[in-house]
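Trainee: The hints should help you fit chain B onto chain A, whose structure is shown.
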Amino acid sequence: MLFYTPEFLIFSLLLVAALLISQHATYRKTVLLLFSYVFYMWWNPAFILLILYSTGLNYLVGLKFGSPTASDATKKTWLIVALVLNLGMLAAFKYFGFFEDNLLYFMKLFGYEPHWTTVNIILPVGISFYTFQAMNYTIDVYRGKIPICRSPLDFALFVSFFPQLIAGPIVRASEFIPQLQKDVRMSVREHDFWLILKGLFKKVIIADNIAVFVDYVFANHQGMPSSIIWLAAIGFTIQIYCDFSGYTDMAIGIGRILGFELPINFRKPFFSGSISEFWRKWHISLSSWINEYVFMPMVLAMRHLANFGIMLAAVLTFCLVGLWHGPAWTFVVFGLLHGLAIAAEVPTKRIRKRIRKKLPEKVHRRIVVTTTLIFILITFIVFRAPDFRTAGSMVKRFILFDFNFSITGLNLGYAAFFSSLCLMALFTLLHLFSNKKGSIDDWLVAAPKSTKLLFAVGTGVFLTVFWPLSQTPFIYFQF
Amino acid sequence: MGEPIRVLSLVLAVLAGVVAGLIILAFSYAYVPNDLERVSTLLRALDANEDQVEVVVFGSSIAMGGVDAGQFPVPAYNLGTTGQTLAQARLLIQELPPTVNTIILVLEAMSLEMNQGNFMVPDVYNAYWMNGLRIEEVTRNDLEEIFPDAAPRIFSMSSFDQLLHSRWNLMQAINRGGRGLVTDNLELERAATDLFYPYTYTKSITPEKMHVAVNRYASLIRDDTFEVSSSNEAIIRQIASYARERSIHLIAAMPPSHPGVQEATGDQYRVQVVEKLTRIVEEEGGQFVDGTQVFYDEKYFIDAAHFGHDGAMLFTRRLVDAWQEH
Chain A
5 MLFYTPEFLI FSLLLVAALL ISQHATYRKT VLLLFSYVFY MWWNPAFILL ILYSTGLNYL
65 VGLKFGSPTA SDATKKTWLI VALVLNLGML AAFKYFGFFE DNLLYFMKLF GYEPHWTTVN
125 IILPVGISFY TFQAMNYTID VYRGKIPICR SPLDFALFVS FFPQLIAGPI VRASEFIPQL
185 QKDVRMSVRE HDFWLILKGL FKKVIIADNI AVFVDYVFAN HQGMPSSIIW LAAIGFTIQI
245 YCDFSGYTDM AIGIGRILGF ELPINFRKPF FSGSISEFWR KWHISLSSWI NEYVFMPMVL
305 AMRHLANFGI MLAAVLTFCL VGLWHGPAWT FVVFGLLHGL AIAAEVPTKR IRKRIRKKLP
365 EKVHRRIVVT TTLIFILITF IVFRAPDFRT AGSMVKRFIL FDFNFSITGL NLGYAAFFSS
425 LCLMALFTLL HLFSNKKGSI DDWLVAAPKS TKLLFAVGTG VFLTVFWPLS QTPFIYFQF
Chain B
365 MGEPIRVLSL VLAVLAGVVA GLIILAFSYA YVPNDLERVS TLLRALDANE DQVEVVVFGS
425 SIAMGGVDAG QFPVPAYNLG TTGQTLAQAR LLIQELPPTV NTIILVLEAM SLEMNQGNFM
485 VPDVYNAYWM NGLRIEEVTR NDLEEIFPDA APRIFSMSSF DQLLHSRWNL MQAINRGGRG
545 LVTDNLELER AATDLFYPYT YTKSITPEKM HVAVNRYASL IRDDTFEVSS SNEAIIRQIA
605 SYARERSIHL IAAMPPSHPG VQEATGDQYR VQVVEKLTRI VEEEGGQFVD GTQVFYDEKY
665 FIDAAHFGHD GAMLFTRRLV DAWQEH
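Chains A and B are the protein sequences, given in the same order.
If you want our numbering, it's the position in the first sequence, counting the first as 1, plus 4.
If you want our numbering, it's the position in the second sequence, counting the first as 1, plus 364.
In short, the hints are calculated from the structure, not lab data.
On a predicted model such as this, the values are computed, not experimentally measured, just so you know.
Some hints here could point you the wrong way.
[To be verified] The calculated lysine-lysine pairs, modelled on DSBU-like cross-linking and capped at a C-alpha distance of 35 Å, are:
no., chain 1, residue 1, chain 2, residue 2
1, A, 272, A, 400
2, A, 400, B, 663
3, A, 353, A, 272
4, B, 663, B, 573
5, A, 272, A, 361
6, A, 400, B, 573
Excised from the complex, chain A in its bound form (with noise of 0.2 Å):
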């Protein structure tokens, strides 16, 4: 269920309710949790074998790292266990149809046909998310960096606490699990209201809205000048952002209500000076996962090669998190190209240093800023479209620039091209505001009442006027 439908209005409602009926720990977090298993079972009743299965087997090999006979091998073995039986469900559910189709295409490459019924595997919602959010707690557990869980209910919590359970934040073991081990009470403030509202409006006005034009851009590009795939790239890019960091700030501040402190995902990405610097504002839970327990291991392990052991881990950690996007090599490629982005960082360090003494400060981060913010743009441009065709088609008409703005004959007006205009420049101009006064959200909470009113009054009217007709499933969800 989507926090914004009536479903979760009623779910919520319960369990409010639930929670007051008693102030115990251990009560309030068997209640959370019995909900958090209802909500992911809202999905499918059948999914929540594999949170469970998640559960009972980062939980066990936990307790195994713990016992007084282990020695540092048998940790280890266990620690290989964990991660094969962890990333082995996660391959089977989310990528065996792509392996499977990549098998068969060579297969049929080499003129083999086989003759075997194709599986369709339905992808279990949020399981790139809550796997990698157990593995974090095996893994710190056997590097010692937190101690053993050894309450069954704190764990289960900590892997499908349901806020953040379908689409994240990625939750540290470090930072969730000695919450659930102080009271947990509830809190209504003003800023975790205006941080949900600020959510849904990104997600449901912004990023719905744009999606029409956007998925109209993508599916008729033939034919589409420049200044269309332009705009359909920035489209989705803000679409992208606003679904992506709309529902990590509903996640947030639903987090907060119930007492719970979820890490921040998203630190203004788009003022970003350089592709590193874009991932460490940018989905941060699973960027610095990324780079803790993917990118610092090949670092130290290809350390002989020195920079270019640097160069070649930055390029294979961000194939791996295309991948972790979706089973298709246009993800692929999307990681691709930001790692080569990153591993370039490396031998132009020097020069780029050279660059920015010899420019004046602003000059220097705008050029900057407007480069890696294109850079992004093409990247996204590959990450949405179906095909490498489409992809290479659109990518070759953004960079060479046909100066053709003629949009008649395109039928952009029936695909809401001038309405999604509007939302781009209103979050541009949101966009800017925040990065000179800071988050929306906090300048509201000390914001007169009358300002206030205003903007709670109008977000209401925006909200039931603008609507969308159909909903737009959280892109986030399918990864």
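Mentor: Below, chain B without anything else, positioned relative to chain A:
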């Protein structure tokens, strides 16, 4: 003020905004221009029947810009609307005044092949509803019989749901306004208000865009075999039955296709279209007009589907001649 109270007041403020939004929706529909305001024009005209109309023409934008109802020697209206499906035509048919003695359906091969998506989107029905049309039981039964999933879902929406749904109008107003500012090849006012020849496009598209548009249009016709979908055949027969019961003459006409599209789909396709539709329409006592050969030159088209003025005059002439034959 305690924080929970403050939050509660903000929640109430949002809800007040929602109520204000609903009020805006209720009152704005009549004043905010949208692409379906033509529906309002047609319903008012049929209700008033100032011209004592005898001939009515249904169809999509191809009919809107392809038929000049003023060429008929008797009062005639062009009731075409953008993207009009046969289901929408059936809906409008319930509003026809008793003076109507001829119904002309301008058909399109590609649309006739579609089973899914040829009913009507909720926005369209909402436009009719917001302009006062209330579906009659006979019409509702007829359409629900053919579209057992889609039709009940739309027709059973409550008045509140319809009001809430009318918000499509406000977003569309932005797009319509933007289109009017930026494009100089549309006569939106005429398209909305003209009952006879609501010709919308004022300029042909460029040859490069024409080439892309023709290829795109041709690619939508998947193979060279034409089959009328079961739902479209059922609606044609229903409309024919309705017409027979009221002694209204039914003419179904197939307009010419762009030469590029015809080449891509092949003459065999065109022949099948004519044969199959002739059979269906004549079985029901109607008259089928093969307009596919009225002209075969790119100069009569302003894009891959719509006629220019000259093409419209030629096609209208064909329809008038067919009507006079009867």
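Trainee: Starting from residue 400 of chain A, check that the Cα of residue 663 of chain B is at most 35 Å away, please.
Mentor: holds (33 Å)
Trainee: Would you check the hint for residue 272 of chain A and residue 400 of chain A, treating anything up to 35 Å between C-alpha atoms as holding?
Mentor: holds (28 Å)
Trainee: Given the hinted pair residue 663 of chain B and residue 573 of chain B, is their alpha-carbon gap at most 35 Å?
Mentor: holds (15 Å)
Trainee: When you check the alpha-carbon spacing of residue 272 of chain A and residue 361 of chain A, does it fall within 35 Å?
Mentor: At roughly 25 Å apart (the allowed maximum being 35 Å), residue 361 of chain A and residue 272 of chain A satisfy the hint.
Trainee: Please verify whether residue 400 of chain A and residue 573 of chain B have alpha carbons no more than 35 Å apart.
Mentor: holds (18 Å)
Trainee: Take a quick look at whether residue 353 of chain A and residue 272 of chain A sit within 35 Å of each other, Cα to Cα.
Mentor: Answer holds: residue 353 of chain A to residue 272 of chain A is near 23 Å, not above 35 Å.
Comparing the model with each earlier hint shows no violations; every hint is respected.
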